[in-house]
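Q: The lines below spell out each chain.
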Amino acid sequence: MSAHGSAGLPTLPTLPPPGFTPPSRGPRFVALVGPPNSGKSTLFNRLTGLRQKVANFPGVTVEQRRGRARLEGDHREVVLIDLPGVYSLIPRSEDERVTRDVLAGEMAGTPRPDAVLLILDSTNLNRHLVLAAPVLSLGLPTLVVLNMADELADRGGAVDAEALATRLGVPVALVSASRGEGLEMVREFLSGAVGLPPSLDLPVLADIPKCRQWAIGMSDKAGYSQPAPPVWTRRLDAVFLHPVAGPLIFLAVVVAVFQTIFSAARPLMDAVDHAVSASGAWLSAVLPASALKSLLIEGVWGGVGSVVIFLPQILLLFLFIGLLEDSGYLARAALIADRTMRKAGLQGKSFLPLLSAYACAVPAVLAARTIENKRDRIATILIAPFMTCSARLPVYTLIIAAFLPERPLLGPFLGTRAAAMLGLYVLGFVAAFGTARLLKSSVLKSDGAPFLLEMPPYRRPTLRQIALRMYDRAKIFLRRAGTVILGVAVVLWILAHLPLSGGKMPEIANSVAGTIGRLIEPFVRPLGFDWRIGIGIVMSLAAREVIVGTLGTLYGMDPKAGSEGLQAALRHDLTPGGAVALLVFFAFAMQCLSTVAVVRRETGGWKWPAVQFAYMGLLAYSGAFIANRLVTLFLS
Amino acid sequence: MRLSLMRAAAAVERNPVSLDDLAVGETGVLSSIDLPEGDANRLMELGFLPGARITAARSAPGGDPRVFRVDGTEFALRRDTARKLRVEAAKVEAAKAGAA
Numbered sequence: 001m002s003a004h005g006s007a008g009l010p011t012l013p014t015l016p017p018p019g020f021t022p023p024s025r026g027p028r029f030v031a032l033v034g035p036p037n038s039g040k041s042t043l044f045n046r047l048t049g050l051r052q053k054v055a056n057f058p059g060v061t062v063e064q065r066r067g068r069a070r071l072e073g074d075h076r077e078v079v080l081i082d083l084p085g086v087y088s089l090i091p092r093s094e095d096e097r098v099t100r101d102v103l104a105g106e107m108a109g110t111p112r113p114d115a116v117l118l119i120l121d122s123t124n125l126n127r128h129l130v131l132a133a134p135v136l137s138l139g140l141p142t143l144v145v146l147n148m149a150d151e152l153a154d155r156g157g158a159v160d161a162e163a164l165a166t167r168l169g170v171p172v173a174l175v176s177a178s179r180g181e182g183l184e185m186v187r188e189f190l191s192g193a194v195g196l197p198p199s200l201d202l203p204v205l206a207d208i209p210k211c212r213q214w215a216i217g218m219s220d221k222a223g224y225s226q227p228a229p230p231v232w233t234r235r236l237d238a239v240f241l242h243p244v245a246g247p248l249i250f251l252a253v254v255v256a257v258f259q260t261i262f263s264a265a266r267p268l269m270d271a272v273d274h275a276v277s278a279s280g281a282w283l284s285a286v287l288p289a290s291a292l293k294s295l296l297i298e299g300v301w302g303g304v305g306s307v308v309i310f311l312p313q314i315l316l317l318f319l320f321i322g323l324l325e326d327s328g329y330l331a332r333a334a335l336i337a338d339r340t341m342r343k344a345g346l347q348g349k350s351f352l353p354l355l356s357a358y359a360c361a362v363p364a365v366l367a368a369r370t371i372e373n374k375r376d377r378i379a380t381i382l383i384a385p386f387m388t389c390s391a392r393l394p395v396y397t398l399i400i401a402a403f404l405p406e407r408p409l410l411g412p413f414l415g416t417r418a419a420a421m422l423g424l425y426v427l428g429f430v431a432a433f434g435t436a437r438l439l440k441s442s443v444l445k446s447d448g449a450p451f452l453l454e455m456p457p458y459r460r461p462t463l464r465q466i467a468l469r470m471y472d473r474a475k476i477f478l479r480r481a482g483t484v485i486l487g488v489a490v491v492l493w494i495l496a497h498l499p500l501s502g503g504k505m506p507e508i509a510n511s512v513a514g515t516i517g518r519l520i521e522p523f524v525r526p527l528g529f530d531w532r533i534g535i536g537i538v539m540s541l542a543a544r545e546v547i548v549g550t551l552g553t554l555y556g557m558d559p560k561a562g563s564e565g566l567q568a569a570l571r572h573d574l575t576p577g578g579a580v581a582l583l584v585f586f587a588f589a590m591q592c593l594s595t596v597a598v599v600r601r602e603t604g605g606w607k608w609p610a611v612q613f614a615y616m617g618l619l620a621y622s623g624a625f626i627a628n629r630l631v632t633l634f635l636s
Numbered sequence: 637m638r639l640s641l642m643r644a645a646a647a648v649e650r651n652p653v654s655l656d657d658l659a660v661g662e663t664g665v666l667s668s669i670d671l672p673e674g675d676a677n678r679l680m681e682l683g684f685l686p687g688a689r690i691t692a693a694r695s696a697p698g699g700d701p702r703v704f705r706v707d708g709t710e711f712a713l714r715r716d717t718a719r720k721l722r723v724e725a726a727k728v729e730a731a732k733a734g735a736a
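For the record, the sequence lines run as chains A and B. Position 345, counted from 1, in the first sequence is what our numbering calls 345; the numbers after and before it change by one each time, with no gaps. The number in our numbering is simply the position in the second sequence, starting from 1, with 636 added.
Looking at chain A on its own, in the form it has when it is part of the complex (with noise of 0.2 Å):
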């Protein structure tokens, strides 16, 4: 099959002998461009076998990407750059300037693409197809790929793509990226069997009016007639956006994921805690007592195993919020939320950053470049930390576990602890909200450019890229609990376990973890908690998670416990008030090197993030004593 296979076969002498390079044929670099929504980062998928996040939702790529393609029957790779969706060359916003300056060559770092794939949506090609006057003017060889071929058929629309490609003087592939139909003229097109377009006889680009009668007429030409009107997405959206049963819906596929996070998850959780101890339990009876082996049972499995456990819950939340994205509903959900944001100073846009920000603030940040506005967009980075993220998950699962026993609060559509869980949800939005509020009456107040979203059709879904998705994600929280998490775990354990006492390993009290624990404790007391979470929270600025493993690996003593020892022994050290302050300070704090990096970068200095993490620092602290005392005062 490949090159390095062919030593062996003599009859096909035909190949170029492993390690040959053809001479420079065919394009190197190829950027995908395309208007929003258009399928850019499904087909930059199919090719490059890459993973990257894809949703119905339009601005979804914000920076560039690249992956390689492999090219069957050919011994070159080509390097494959999506860009940001653009619906025109000249940039409104900073992730529509990534696209203008890569495709300008002006992009440090990135060569200029020596071609292009213009994707557009043969669903919407009168309007797509505007775009491809200023990408051919560039020069550059290009292909426009009609994508979404299967939805234009199913919806009674044509479109000659031949007569299209002789008007434009460049080949035009019909695809379904989604399915991965007719993909093999891009493939050959990637090849190399490609020209320079002609020059076309193109319309001035700034008279957008011109541009889009040019558009139509090119269409028309090529017999382009435009699909039905999506009649399943209007009946759907009279539902979903219905004035009554809208917000409702919405309200109830929150708590359904809320509720599903925590009860469908936990037999998974319960089976991995199981391997967990299990492993645990087999390694201490074949181990011969010695350092090793404490550093083994106590560190790795009492730390890293302590925050793998909740996988499954993860995996859980990113299949929702895939479904919800690639749907198409979370546009419906933004337009509904519009209101609240607005009364916040916020837009519409920023919504999906916010939302990205459930799942990790690091993608959130960078998501707000989609917002024009600059100040919005500052806003919004500020406020994306407050979201709660899928590293405070496990936090969050362990104190309500450990603290409030589960009973059915709205039959078995709620219970206490997914209630529970759903306040903290709450309370991180009301901070966030609470803060934009606070930003744009003041320090950031701006007019805003015009809100404006495009409502996708509503699409099914498909296996293929929420899987993709899911994989992606368990690789990150693998790689962190088997990186951030494993170092932390093995520093502690080391800090636990010294200084040496006539060769003997001192008690955890007497240890230099033990001392640095008591140093913070008057700190860390009026809110409720004791040198061990003192540590633990020390130890977690760097990732959220890491308090669990620290705590595991604190009182990870007795590995058979599982989950359930740790819980236990948080019951015994730590009072409801406390454990209801520790819910807070997490809520508030900025604990997360990675998102303080990236704010950095995005804002350009260390400004933003310095105040964003005093302020968030400043809120959980008062916060967490506040609740501390509110919480005792109350059970007293």
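Take the hints with a grain of salt, since some may be wrong.
Facing chain A, a subset of chain B residues (Cβ under 10 Å, in silico) [to be verified]:
| id | residue |
| --- | --- |
| 1 | Leu-671 |
| 2 | Asp-675 |
| 3 | Asn-677 |
| 4 | Leu-682 |
| 5 | Gly-687 |
| 6 | Arg-694 |
| 7 | Val-703 |
| 8 | Val-706 |
| 9 | Lys-720 |
The following residues of chain A were derived to be distant from chain B, with all beta-carbon distances above 10 Å [as the list claims (entries may be wrong)]:
| id | residue |
| --- | --- |
| 10 | Met-107 |
| 11 | Ala-115 |
| 12 | Pro-267 |
| 13 | Ala-281 |
| 14 | Phe-320 |
| 15 | Tyr-329 |
| 16 | Leu-414 |
| 17 | Pro-450 |
| 18 | Leu-468 |
| 19 | Val-512 |
| 20 | Leu-541 |
| 21 | Glu-564 |
| 22 | Gly-604 |
| 23 | Tyr-615 |
These are computed hints drawn from the structure, not numbers from a lab. Ideal Cβ positions, reconstructed from N, Cα and C, are used throughout, including at glycine.
Position chain B relative to chain A; hints supplied.
A: Chain B in isolation, oriented as in the chain A frame:
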């Protein structure tokens, strides 16, 4: 029927009307965009061009933002933006007559 006639009459009174004055299901012909150049260009790129037929599709629960249909695609606009997009009143009528 009577209600829609009255609505059409009201639309003629406010002369010329903006996109925001269109009732759900009504179609108007865009005449001008009263927004800063950059914002107007963005709208034009999406199909909100002078002369384009724009239908008020529906609105978010609560009535704002509203959803408008241009060339088969739906876009959400806040009402205060929609008010800046002028529609020719006479042509609102014409569109209605044509639809009836």
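Q: Hint by hint, say whether it matches the structure.
A: Structure-based check of each hint:
1. For B:Leu-671, the interface hint holds, since its Cβ comes within 10 Å of a Cβ in chain A; the closest pair sits about 7 Å apart.
2. Taken as an interface hint, B:Asp-675 checks out: its beta carbon lies about 5 Å from the nearest beta carbon of chain A, inside 10 Å.
3. Of the supplied interface hints, the one on B:Asn-677 holds, with its beta-carbon coming within about 6 Å of a beta-carbon of chain A, less than 10 Å.
4. Hint status for B:Leu-682 relative to chain A: holds, with the closest Cβ pair at about 7 Å, below 10 Å.
5. Hint status for B:Gly-687: holds, given a least beta-carbon distance of 8 Å to chain A, under 10 Å.
6. The beta carbon of B:Arg-694 is positioned within 10 Å of a beta carbon in chain A (closest approach about 6 Å), and the interface hint is therefore held.
7. Given the 10 Å rule on beta carbons, the hint for B:Val-703 holds: about 6 Å separates it from the nearest Cβ of chain A.
8. Against a cut-off of 10 Å between C-beta atoms, the interface hint on B:Val-706 holds, since the closest Cβ of chain A lies about 8 Å away.
9. The interface hint given for B:Lys-720 is met, as the beta carbon of that residue sits about 8 Å from the closest beta carbon of chain A, less than 10 Å.
10. For A:Met-107, the condition that its CB be more than 10 Å from all CB atoms of chain B holds, with the nearest at approximately 22 Å.
11. Every beta carbon of chain B lies more than 10 Å from that of A:Ala-115, the smallest distance being close to 25 Å; the non-interface claim holds.
12. With a minimum CB-CB distance of about 37 Å to chain B, A:Pro-267 clears the 10 Å threshold, and the non-interface call stands.
13. At the 10 Å boundary, the C-beta of A:Ala-281 stays outside the reach of chain B, the nearest C-beta of that chain being 54 Å off.
14. Against chain B, the non-interface label of A:Phe-320 holds: every CB pair exceeds 10 Å, the least being about 22 Å.
15. The Cβ of A:Tyr-329 sits about 14 Å from the closest Cβ of chain B, beyond the 10 Å cut-off, so the non-interface label holds.
16. No Cβ of chain B approaches the Cβ of A:Leu-414 within 10 Å, the least distance being about 23 Å, so the stated non-interface status holds.
17. With a cut of 10 Å on Cβ distances, A:Pro-450 falls inside the contact zone with chain B, its closest approach being about 4 Å.
18. At the 10 Å boundary, the C-beta of A:Leu-468 stays outside the reach of chain B, the nearest C-beta of that chain being 27 Å off.
19. Listed as outside the interface, A:Val-512 is consistent with that label: its C-beta sits roughly 58 Å from the nearest C-beta of chain B, beyond the 10 Å cut-off.
20. Annotated as non-interface, A:Leu-541 keeps its C-beta farther than 10 Å from every C-beta of chain B; the closest such distance is 40 Å.
21. Chain B leaves A:Glu-564 outside its interface by the beta-carbon criterion, the shortest separation being 45 Å against a cut-off of 10 Å.
22. The Cβ of A:Gly-604 lies farther than 10 Å from every Cβ of chain B, with a closest approach of about 22 Å, so its non-interface assignment holds.
23. Listed as a non-interface residue, A:Tyr-615 keeps its Cβ farther than 10 Å from every Cβ of chain B; the least gap is roughly 29 Å.
Violation of the numbered hints given earlier is confined to hint 17; every other hint is satisfied by the structure.
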